[in-house]
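Peer 1: Below are the chains, spelled out letter by letter.
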Amino acid sequence: MKEKGWKEIPLGGLILEAGNAEKYATGGWRTYRPVRDEKKCNDCLLCWVYCPDSSIIVEEAKIKGFDYEHCKGCGICSAQCPKDAIEMVEETKFVLQEKGEQ
Amino acid sequence: MPSLKELSKKKELLSGGQRLCAGCGASIIVRQILMAAEDPLVISCATGCLEVATTIYPFSAWRIPFIHCAFENSASTLSGAEAAYRSLKRQGKIDRTIKFIAFGGDGGTYDIGLQALSGVLERGHNLLYVCYDNGAYMNTGIQRSSATPQGAATTTSPVGKAIPEGKQRPRKDLTQIVVAHDSPYVAQANPAYYNDLIKKVQKALNTEGPTFINILSPCPRGWRYESSQSIQIAKLATLTGFWPLYEVENGKYRITYRPKKRRPFREWLESQGRFKHLLSEKNKGIVERLEREVEEKENKLLALAGETPSSA
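Heads up: the sequence lines are chains A and B, in that order.
Taking the numbering used here, the leading residue of the first sequence gets 18, the next gets one more, and so forth.
Taking the numbering used here, the leading residue of the second sequence gets 508, the next gets one more, and so forth.
Possibly wrong hints are sitting among the right ones.
As the list claims (entries may be wrong) - In silico contact screen, one side only, chain B against chain A (beta carbon under 8 Å); selected entries:
no., residue
1, Ser522
2, Gly524
3, Ile535
4, Pro565
5, Ile571
6, Lys596
7, Gly626
8, Glu629
Claimed, not checked - In silico lysine-lysine, DSSO-like type, Cα no more than 30 Å apart, as pairs:
no., chain 1, residue 1, chain 2, residue 2
9, B, Lys783, B, Lys742
10, B, Lys518, B, Lys768
11, A, Lys100, B, Lys767
12, A, Lys100, B, Lys517
13, B, Lys768, A, Lys100
14, A, Lys100, B, Lys706
15, A, Lys81, B, Lys706
16, A, Lys79, B, Lys516
17, B, Lys679, A, Lys81
18, B, Lys804, A, Lys57
19, B, Lys679, B, Lys804
20, B, Lys742, A, Lys79
21, A, Lys57, B, Lys518
22, B, Lys516, A, Lys56
23, A, Lys56, B, Lys742
24, B, Lys512, B, Lys767
25, A, Lys79, B, Lys518
26, B, Lys516, A, Lys81
27, A, Lys100, B, Lys516
28, B, Lys768, B, Lys679
29, B, Lys804, B, Lys706
30, A, Lys57, A, Lys110
31, A, Lys79, B, Lys767
32, B, Lys789, B, Lys759
33, B, Lys679, B, Lys706
34, A, Lys79, B, Lys710
35, B, Lys516, A, Lys57
These aren't lab readings, by the way, just hints derived from the structure by calculation.
On a predicted model such as this, the values are computed, not experimentally measured, just so you know.
Think of the CB as a built atom: it goes at the ideal place given N, C-alpha and C, for glycine as much as any other residue.
Take the sequences, apply the hints, and build the full model.
Peer 2: What follows is the structure, given as structure tokens:
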């Protein structure tokens, strides 16, 4: 984001775009990534109601996956899942995988 | 209460990208409150983890109007907004129903914002005040507050040779202080029991007058536990009697969730690093005292609610 001069900043330092924090990625904080087993998941939505980072993507009351841009990898979803459908996988595994593909 | 399926179809009002710690209880609480609300909201928030992490300039995680104010005046700031709304409504310049929620942490509510909260309760503004209580000044580095439980180690109540027990004084019972203001609706809630929490928020928002909900907010950093354990530990707080779930409606007490058999208070202490020192042999007396106090408090509450005390 480009820094603004004082003339461009709204009066009183107001933030005019509600919810623009979503432009800030907190996914890089993660050491463990939640991975869901679709076969085990019964869409009970407990992970969604307990997620501190609004990072469980739900459409029409069905879980579609995780918002890895913002998920901080706390592991609450995995700990609370009654079906044991969410596994926390070390993030380096995915980094190495991506490197291998290149 | 609407089902989770119904609630999940509503628009998410707190965006991702806020910078609270992984596993923070505060944003779980806020999300549950925002899903409970049926009308447009105006929010104010005292300085604290929640305010600092959700509104780092030039970002805001709130998809609803949010007023940033100082540490002590979340309640008074919002009372001004609410008074302006009432005036505009009377003048016919606004016709929709808007609800007001003030947030404050335990530092901004139990300590620094107590007189502002008391003022709002006495003046009778039509708003809901929510205290998310994580039991210390977590944002500035875990300093004790008047909500810190007795025996907890914080950076300003450290464990040492001279004082082996951590914080020496018992915590303030803020919920009871608000009850003493004759507020029409006062409750204590816990995000692990989301059903109960959502019901209480809806009840509070639909009650005319100043309402208050005190919500336990698990904190991985300050309580010293692994981030994935937030909900289990919050649950344990209620199961062991540390954080009873009850509401007081026009002076009438009701326990909204009572565990069949209270779990030993020791389990609560064992679950967190801030109480680790209490488990040593030389602090045995302190643990026994804390256990006794929890039982006394439980029986007092049960008596107020007209329930029979537990035999165990």
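Peer 1: Look at each hint and say if it fits the structure.
Peer 2: Consistency of the hints with the structure:
| no. | hint | result |
| --- | --- | --- |
| 1 | Ser522 | 4 Å, holds |
| 2 | Gly524 | 4 Å, holds |
| 3 | Ile535 | 5 Å, holds |
| 4 | Pro565 | 6 Å, holds |
| 5 | Ile571 | 7 Å, holds |
| 6 | Lys596 | 23 Å, violated |
| 7 | Gly626 | 25 Å, violated |
| 8 | Glu629 | 30 Å, violated |
| 9 | B:Lys783 - B:Lys742 | 19 Å, holds |
| 10 | B:Lys518 - B:Lys768 | 38 Å, violated |
| 11 | A:Lys100 - B:Lys767 | 25 Å, holds |
| 12 | A:Lys100 - B:Lys517 | 25 Å, holds |
| 13 | B:Lys768 - A:Lys100 | 26 Å, holds |
| 14 | A:Lys100 - B:Lys706 | 26 Å, holds |
| 15 | A:Lys81 - B:Lys706 | 27 Å, holds |
| 16 | A:Lys79 - B:Lys516 | 10 Å, holds |
| 17 | B:Lys679 - A:Lys81 | 44 Å, violated |
| 18 | B:Lys804 - A:Lys57 | 43 Å, violated |
| 19 | B:Lys679 - B:Lys804 | 13 Å, holds |
| 20 | B:Lys742 - A:Lys79 | 26 Å, holds |
| 21 | A:Lys57 - B:Lys518 | 27 Å, holds |
| 22 | B:Lys516 - A:Lys56 | 23 Å, holds |
| 23 | A:Lys56 - B:Lys742 | 28 Å, holds |
| 24 | B:Lys512 - B:Lys767 | 28 Å, holds |
| 25 | A:Lys79 - B:Lys518 | 15 Å, holds |
| 26 | B:Lys516 - A:Lys81 | 13 Å, holds |
| 27 | A:Lys100 - B:Lys516 | 22 Å, holds |
| 28 | B:Lys768 - B:Lys679 | 26 Å, holds |
| 29 | B:Lys804 - B:Lys706 | 24 Å, holds |
| 30 | A:Lys57 - A:Lys110 | 23 Å, holds |
| 31 | A:Lys79 - B:Lys767 | 33 Å, violated |
| 32 | B:Lys789 - B:Lys759 | 42 Å, violated |
| 33 | B:Lys679 - B:Lys706 | 26 Å, holds |
| 34 | A:Lys79 - B:Lys710 | 28 Å, holds |
| 35 | B:Lys516 - A:Lys57 | 22 Å, holds |
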